[in-house]
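Asks: Residue-level listing of the chains:
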Amino acid sequence: MAMTDIAQAGHGHHGKPQGLARWLFATNHKDIGSLYLWFSFCMFLSGGVLALCIRAELFRPGLQFFQPELFNQFTTLHGLIMVFGAIMPAFTGMANWMLPLMIGAPDMAFARMNNWSFWLLPPAAALLMLSFIVPGGAAAAGWTLYAPLSTQMGMGMDMTIFAIHIMGLSSIMGSINIIVTILNLRAPGMSLMKMPMFAWASLITAFLIIAVMPVLAGVVTMVLTDRHFGTHFFNAAGGGDPILYQHIFWFFGHPEVYIMALPAFGIVSQVIPAFARKPLFGYASMVYATSSIGVLSFMVWAHHMFVTGMPAAAQLFFMYATMLIAVPTGVKVFNWIATMWEGSMSFETPMLFAVGFILLFTIGGLSGVTLSVAAVDVQLHGSYYVVAHFHYVLVAGALFSLFAAIYYWFPKMTGRLYSERLGKLHFWWSLLWFNVTFFPMHFLGLAGMPRRIPDYALQFTEFNQIASVGAFMFGLGQLIFLFNMLRSLRHGAPAPQLPWDGANTLEWRIPTPAPYHSFVEAPQLEVKENGVVVRLSGGRHEE
Amino acid sequence: MTVMSRSQTHYFVPDPSRWPVVGAVALFCLGLGAAFAVNGMPAGRWGLLAGALILLYMLLGWFGDVIRESLRGNYQGKEDLSFRWGMGWFIFSEVMFFAAFFGALFWVRVVSLPTLGSADYKLLYPDFDAAWPLATGPGITDVYSAMEALGLPAINTLVLLTSGATVTLAHWGMLSGDRFQLKWGLLATVCLGVLFLTLQVHEYRHAISELNLTLASGAYGMTFYLLTGFHGLHVLLGTIILAVVWLRVMRGHFDERHHFAFEAASWYWHFVDVVWLLLFVFVYWL
Ligand SMILES: [Cu+2]
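Line order of the protein sequences matches chains E and P. The opening residue of the first sequence carries number 1 in the numbering used here; numbering runs sequentially from there. The opening residue of the second sequence carries number 1 in the numbering used here; numbering runs sequentially from there.
Just chain P, same shape as in the assembly:
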């Protein structure tokens, strides 16, 4: 592929496209709708709904165009390399997004809780106990308990690690032209993704109804839900991407050399996997 990209003098530039403007309208509706919705205005829901539908329409159309261009053979070595760089930097931006939330978690545990529990603050918060998970504080009104690391979260760790292995099996299948291994490896990965999400829904239900753990449960609740929640959204997105790639595999797309969409999906999946391992250690375990 590198040999090809070096000798390639022409680069594919797509024709004018309406999808970007459609996407901009979608995000405007989503942004305005969300601003109204969080302030309890009924118009907000309609804005969100309209935005989501327009965004879905845009994604279907845009990716449809990309797939058609790919099948037409517009993407050669150089375009392929662009996609690889692009996906890599996109994942880097996601890493930095999660870094902000991990930073908040570390700050709370290493700086703000010990400070609030120190002798200096005894006058302000006489009963404050700087334990983790944090149970006391004037803003924490309800009693709650923390999520156990060795129940569902441990099972979910196994699920996600296994899915990392199955997606690699599928990749080997792709590289060696073994479509059977590719199909079933990919399908297994998608199923494991769905299983993970189902278990996480179950875990959240358990947390809310039995542990009384909510977003308002102080420093523990907020970091728990935002970190695992954003991770869950990424698993959802990754599962959808893998499912689309699986459908494309079933339709006979891709070959040994030409399968960037598959690799992008698997990179994304491994990224989600690594974030989960960090979550398991720092959110559930320690």
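For reference, chain E alone in the conformation it holds in the complex:
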């Protein structure tokens, strides 16, 4: 009943709650952000273990360790856990931690709901994990859960469906929070067309999530009723259509790609100017590019379905619409390069990850453009080329940007410095082994190796062995990161108020580490583009 006491004490001044209650009952955006980040790192490790199981099995042709059924469960759960458990929560966690500091808000707009958004994730993850031990095992239809595969499997599929419902609820509430915080809680002077790109990216990402997660919830609900209540949504015997599943799923699925990419763009747009010591080039065009990517992402979904079959006119439309997305994306890449141009650059770990991001994400973007050509896609669809493509976008894109963000804001979050030497080792190690793992997959796909198989023809052996070695080394390298974080949390040197001399957004103008309650009173700001603070007055903090 400690809660009642706190409630009666009123809300005037509250210190830092202690013990387990601090995390279970949290309403502080920093605590909830930390919960998100730790949770997503655990999920990253779990999904990573599944990936290593996959690579172990594929080290040699023939069946080594796992039966095909179990292998399919691994590929499915690897995808679901990484997308919904690791990357999306990690970005939400970053937004939770940093948005209020960057725009001068007291906290997230709905602090209690914020906590619910987080605490829904562990139950959903538990449902996914537990599905491995129920009769029939986990879902094995691929992360896309295509009907009619998904309308046939055991109760692991039902658990997956309910896990998706819960994760959907979580991310919708998290997104409402982000949108309302940005629209309503910016400090005076922090206008929309001046606020940091990370805020813009989070805003548009949140909009995409609210628009498409309910659609995913709807389509898996149809799978559920097809499985248990006799409907025929995806069964032609009753007038339904399995292709309908693909259309609804990819109406969600393609914006989902940008849900995992736009926040990365936002992070890189903060890190690059800080280490190039130059303002972000073409801020307004960055905003418009991000917005137009958001709009276009709703009009391209059927490029995942060129092989499924559709009228030629539709193929052409989706092909050209997809290519069109390369334009705003290209604008961003050019702007980042122009920001670095003639800057006085230094290459600390965040900058290394940001530059690595630009390089490798561009490779992933370009392989995406080749896949958008319908005639080429007919050859490459469902091959390892696709696997290579989206891992360049999601690992070297989303994940690298997250590492950049963690290293960049680590001093602000913890008040300590991480080990620069270990950070650099982590970067170069990841960069090397990432490419060793995923670059050969392009060749495998071009040579015709299909994805989602536990066995393959002999001629694919060498490239698979290279990829497997790379994957294990890449996985090992992430332990450097974990070690660096854990050690620096306790023993890192105290961080100065401004660890990066080129960082000039609002979060760097408050004490380090950030006070537990920052901006209890809103500050008065004068801001330049990308959230660069010119003048700051007021803005009370409390510990």
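Hints are computed from structural coordinates only; laboratory data are not their basis. Owing to the predicted nature of the structure, the values given are computational and were not obtained by experimental measurement. Honestly, I wouldn't trust all of these hints.
Straight-line Cα separation of at most 25 Å, DMTMM-like style, residue types lysine to aspartate or glutamate; simulated pairs [said to hold, decoys possible]: (1) E/Lys-16 x P/Asp-15; (2) E/Lys-278 x E/Glu-420; (3) P/Lys-183 x P/Glu-94; (4) P/Lys-183 x P/Glu-69; (5) E/Lys-16 x P/Asp-65; (6) E/Lys-16 x P/Glu-69; (7) E/Lys-194 x E/Glu-342; (8) E/Lys-16 x E/Glu-521; (9) E/Lys-278 x E/Glu-348.
Chain E is already provided as a structure; the job is to place chain P with the ligand on it using the hints.
Replies: Here is chain P with the ligand on its own, set in the frame of chain E:
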């Protein structure tokens, strides 16, 4: 209100709260229970029951806290604006949820049925007749008939439209400080919501027992039940929200300027209303 929110420099951040974790436990029980229940395992029912009870406990506690904070005056212009934005985006997410099911309906009627009935498929389904409501198909074993648009559904349309008017009357009462109009307008809306639900139960009974229309009645049955069913659940939720707001009005809560809960309920009600109009046109009529 906007003037207030512009000059307001402090924002209410609630104290630590146990309700979110309670809600997470509830949804875990519901998710696991449902997975067991749909697979015919008896433990599932207990999971669902426990989950529902915990969720109810959480909702009562959480909204209780919110109402107490509201009465204490914690919510000023800026908090109020946050709630408005939040409710708006929540309704948008609901719109997208229904869009998925309307999308399925349109796809079935415009693409999959004509395709299955076309000459290409004659070899596969020689007797397939691509009529709507779909009566033939290897998966449709029982003969059924479609729901008539001009019976109960037409009455329900009138009921819901009237309720939209009464809730607006109540809103005018709220704005002008006319508590009498507010109370009775709101009460009428709640009653019309209950009437709608009663008629829908009646309609479903008629559909199952006399028309032999079930979820398994092919493309017609599935879209009919899922669209009207999810809509019905939203009417139920909207009615409960309006009833809670009515109870609060009876206890003297809200004034001319401070009544977000009422407005949120009425927005939700209008949303449910609009969805029904689309349902009436595309599910019952066309
Ligand atoms: Cu796509």
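Asks: Report the numbers of all earlier hints that the structure fails to satisfy, in ascending order.
Replies: As far as the earlier hints go, only 3 is violated by this structure.
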